[in-house]
Amino acid sequence: MNNDDYDPGLPEGLDLRALSAFVDGELPHAQHAAIEAQLEQYPQAAARVAAWRAQKTALRALCGAPQRSARADFDERHDDPERDAADEPAFIVVRRSPPWWQRVGLAACWLAVGAGLALAVGPLAPRLTGGKWGGAWGGAGSQPPSFAQRADIAYAVYTPERRHPVEVAASEEEHLINWLSKRLNRPLSVPSLQEYGYSLVGGRLLPGEAGPAAQFMYENSTGVRLTLYVTGIARDETAFRLFRDGNRRTFYWVNDGMGYALSGSIAEGKLRSIAIDVCSALGGKPEAWQ
Amino acid sequence: MSFEADVIAWLPQLRRYARALTGDRAWADDLVQDTAERALARWSAFRPNSNLRAWLLTILRHLYIDQLRGRREIAVDDESAPWRNLEAPQAEVDGLMLRDLQRALYCLPVEQREVLLLVCVEELSYQEASKALGVPIGTVMSRLSRARERMRVLLTEGPAHGPTQGPTRKSPPLKVVRNQQ
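Here the protein sequences line up with chains X and F, keeping their order.
Take the first sequence: its letter number 182 is residue 182 in my numbering, and every next letter is one higher.
Here my numbering = 1-based position in the second sequence + 290.
Hints may contain errors.
As the list claims (entries may be wrong) - Below, computed lysine to aspartate or glutamate pairings styled on DMTMM-like, alpha-carbon distance capped at 20 angstroms:
{"hint": "1", "chain 1": "X", "residue 1": "K270", "chain 2": "X", "residue 2": "D256"}
{"hint": "2", "chain 1": "X", "residue 1": "K56", "chain 2": "F", "residue 2": "E447"}
{"hint": "3", "chain 1": "X", "residue 1": "K56", "chain 2": "F", "residue 2": "D296"}
{"hint": "4", "chain 1": "X", "residue 1": "K56", "chain 2": "F", "residue 2": "E413"}
Claimed, not checked - Just some of the chain X residues that point at chain F, by a computed CB distance under 8 angstroms:
{"hint": "5", "residue": "R17"}
{"hint": "6", "residue": "A61"}
{"hint": "7", "residue": "Q102"}
{"hint": "8", "residue": "C109"}
{"hint": "9", "residue": "D277"}
{"hint": "10", "residue": "S280"}
Read the hints as simulated data drawn from the structure, not as lab findings.
Just so you know, even glycine gets a beta-carbon here, dropped at the ideal spot from N, CA and C.
Here chain X stands alone, though its shape is the one from the complex:
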């Protein structure tokens, strides 16, 4: 499958990531030389390198970049009278921005709306997420941390929702992030899953075990949804675990005082690779448990 960095035909050290970095001259000298030597033995890898180099040249031609390919050239290039500079105006028009009080007013309105929604939905949530936890645990023996269970339940509760899947929609992403960051009392960021075909639907505030939790929902073009659940966690552990319930899967991990859980009803391997990317995008170290 193309999404994997691993190609079964290539030996260790010649994976796609390394070859790609080789093409860009981003590897340390020794590693670069090692790969160069190995390419003679592995025509498949050599062919890939050749194809990618051709691709790079072709992309530069397509975009009208000069064919000189040294980075040093690049830095002085903007002083050159470029051919595209000839027919393009090298100026911009500066518009007046709306006065500050208008912007502040708008932001205040959104905050009020967010707070209102939180008040309206907040009391319902304990009833939805409380009660008994049904289902089988993924790991034998130990119970999953309750934030993973809560994430799973929240996924089950909100993803079937068609009309109100989220409190604040992705169209107000900045507001959404500011609002939830404020409630969780730390800066949150929402990783993009566009690469996997999932776009952000929005998010909501939920009651967590020991404080508020945030749920971000994603959806692909066929309506399949994933959620990322984020909450503050007192204890710290580095493990990356899976929790199963019915056809739902939740990968969860703790990093820097925050618990994260990615839930979905898609293939486990697929969800796992998305979770690894999410963890890395959020500053975690997936290498530790990969």
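We have chain X; now place chain F onto it with these hints.
Leaving out everything else, chain F in the frame of chain X:
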């Protein structure tokens, strides 16, 4: 040079990147205008000794992602797909090949397209790309290798098989949403 002059000196490159990213001249010009405007309005946020180009590319990217969200709701069919509106590729390289390349480029999800363009065309280092995209270097590396491999497969197998063959994820970069009126 003044800060304004520095920003203006990068405009041709910003424009090139914006065009490749959007595949739309008019949109690209708007993006560059908005980027420069925002940069000049927020010049105080720029740390004097850091990389101005990477900073400008970051701003442009944020604006693009914002605008993409708004535009995704607009109907886009194959007739008006971005690669159809681009000017004909330059004559010195095989035009047909470049058209296929162009098509493949817009079949990539935007995350893969932007990293490919930043590294291959704009020649950002991985470090700079990681900053401009706001993701760790490891993510830059995986996205980039996936983008390259995906392009290679699309180009060797042709658009007729590429996206549908095997477990390869089909990811239309633009969703068709039509108003039923």
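The hints, checked one at a time:
1. X/K270 with X/D256: Measuring from Cα to Cα gives roughly 25 angstroms; hence the hint is violated.
2. X/K56 with F/E447: 18 angstroms, holds
3. X/K56 with F/D296: Distance of about 28 angstroms is beyond 20 angstroms: violated.
4. X/K56 with F/E413: Judged against 20 angstroms, a Cα distance of about 10 angstroms means the pair holds.
5. R17: Hint on X/R17: holds, closest Cβ of chain F at ~5 angstroms, below 8 angstroms.
6. A61: 4 angstroms, holds
7. Q102: 15 angstroms, violated
8. C109: Violated, because the Cβ-Cβ distance from X/C109 to chain F comes to roughly 20 angstroms (cut-off 8 angstroms).
9. D277: 7 angstroms, holds
10. S280: With Cβ-Cβ at 6 angstroms, under 8 angstroms, it holds.
Hints 1, 3, 7 and 8, counting from the list given before, are not met by this structure.
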